[in-house]
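Under our numbering, residues 3 to 692 are what the sequence shown spells out, in order.
Be aware that a few hints might be false.
[Said to hold, decoys possible] Quick list of in silico lysine to any residue cross-link-like pairs, SDA-like style, CA-CA up to 20 Å:
id, residue 1, residue 2
1, 526, 450
2, 583, 571
3, 583, 494
4, 484, 506
5, 506, 428
6, 583, 486
Calculated directly from the structure, the hints in this document are not laboratory data.
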Amino acid sequence: MTIAFGRFIKEENDLFDSMDDWLRRDRFVFVGWSGLLLFPCAYFALGGWFTGTTFVTSWYTHGLASSYLEGCNFLTAAVSTPANSLAHSLLLLWGPEAQGDFTRWCQLGGLWTFVALHGAFGLIGFMLRQFELARSVQLRPYNAIAFSAPIAVFVSVFLIYPLGQSGWFFAPSFGVAAIFRFILFFQGFHNWTLNPFHMMGVAGVLGAALLCAIHGATVENTLFEDGDGANTFRAFNPTQAEETYSMVTANRFWSQIFGVAFSNKRWLHFFMLFVPVTGLWMSAIGVVGLALNLRAYDFVSQEIRAAEDPEFETFYTKNILLNEGIRAWMAAQDQPHENLIFPEEVLPRVGRDQETTGFAWWAGNARLINLSGKLLGAHVAHAGLIVFWAGAMNLFEVAHFVPEKPMYEQGLILLPHLATLGWGVGPGGEVIDTFPYFVSGVLHLISSAVLGFGGIYHALLGPETLEESFPFFGYVWKDRNKMTTILGIHLILLGIGAFLLVLKALYFGGVYDTWAPGGGDVRKITNLTLNPSVIFGYLLKSPFGGEGWIVSVDDLEDIIGGHVWLGSICILGGIWHILTKPFAWARRAFVWSGEAYLSYSLGALSVFGFIACCFVWFNNTAYPSEFYGPTGPEASQAQAFTFLVRDQRLGANVGSAQGPTGLGKYLMRSPTGEVIFGGETMRFWDLRAP
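Working from the sequences, and respecting the hints, build out all of it.
Dropping the structure here:
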């Protein structure tokens, strides 16, 4: 017998494997990939808060003392929000406001944005930490899902709400008394306690506390020691080695108390998870509604009308008295709330074998997750429903369209988009022909019928799986190569869509240009901007500080030229994804499953949705004001002087209140960097703090 001796050579790990091994190593404090986000953000957020409450004044933003250095205690110290004149600027240390001066950065309120943004990402990192650890030890991720609830509340209150108002000023400052002041503000100006979303939040939080107390007491009551009798009063022994409890005894007890009881531990604990998480999410949704000044639930407008019109009949309750008192108290000492517009009436409420998949019929498309043919049918049918809605809504809007009123005053959804494409409009954005809109609606209805037929065919008659009959279109979720091919197909379709806009702008009638001579008109684009330094220069701009990132585009030539670049990149990228296989690092880094692809898609749609919101909010080139209404800066500029006159008539000392920034409440920041006051502009660096 011959024995060969040799040396086993282990393959060296690449950088990704080495990092993964070090980050996920078993140690006293787990780091993980999530720790790269959690620990730096948590450190900076807490450090910024301790620094602000210890040393930094709020005199230049609120006219208040807010630090221990100024004599405040734990209840009154706070990291205060920036002044309203700074709007939604990120207040970067190196930005145009502070210009690298740390002292001035603190005086302007830069620590608040620093703490808020790092705190938000720190909370997200903590949730990802729970998800990562759960995945490592093979647990379900319900802890991470539960923690999404406080994250939703934090983001909605500290970020979404001030984003919906005129500036970060309207967010809560980071302090005990500051939070209570914010709660009073919410009650006085939004009637928050009467909001059904707040009621659901209270029910969730207090209900969770009740469930927690009941559950803990029940488990303690039913602890027993094996073999020592069924009577829990004498069976409980606090020193026993292994604690167990009797679910049967607990069920019998609560059945006698309430008449009903949980008989299944999973339902019991799911209910304890569901109640607080749902309650907090409902509260977050309610705050988002307040951010947008949705007035359906607050009745504040009725209070205002009752105060102005003696003949207006309403119930004058103590709740109204409370709200009026809060508003009267805050008006004299606080900055006015420009974006709180009170209409005469509350706005109306505008309205591989299907049988063996293991899913019940009510699981919906989950039954089709491994049936590529049937899932294609659901996909096509869903597209048909979307196209049907577009066609039906298009015809509905055409039938109810009033040419004498602007589109944005009629609650239209689809016609402004068709008008922006140049259909049926003339100089100044005037609608001269609604027939193209009618044709668009009919074409969408016909298309929806074709798609619906395709969906029914694939759902009822087509093959359950495509792998055997149509291997190019067939797939298995874990087949990484096929998934990149599908990604490539979608990219090509997106590229074709981008080029359709280019063709419309160049050859088929043109598109509407709000900057055209004479006050806006439909024109063909004849001189595309294809210079990459111009097109990609928008991506390199800062989203804040007046530059506005891609939202700052104000030239149709740049928009259409950008679509040429975008379409080309999508088509070439699609071809590349079809012809190549994913890299080794991508195979390891991504999760390859149907649920993961759905998550990636939803995340991308969320990002695009936020970008579209910014475009609608600030850009009147891609979304002309003639069709979509005035942008945020246009509307706020028009209102600034109105509110100043109103406050002066109410007796507010608008000239000298709140210390050095008494008039700051009437200033607003435009996307191009100016501070606007009553229609006049001045550069920010002309506003010097002492």
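Enumerate the violated hints, using their earlier numbering and listing them in ascending order. Hints 1 and 4 contradicted; others consistent.
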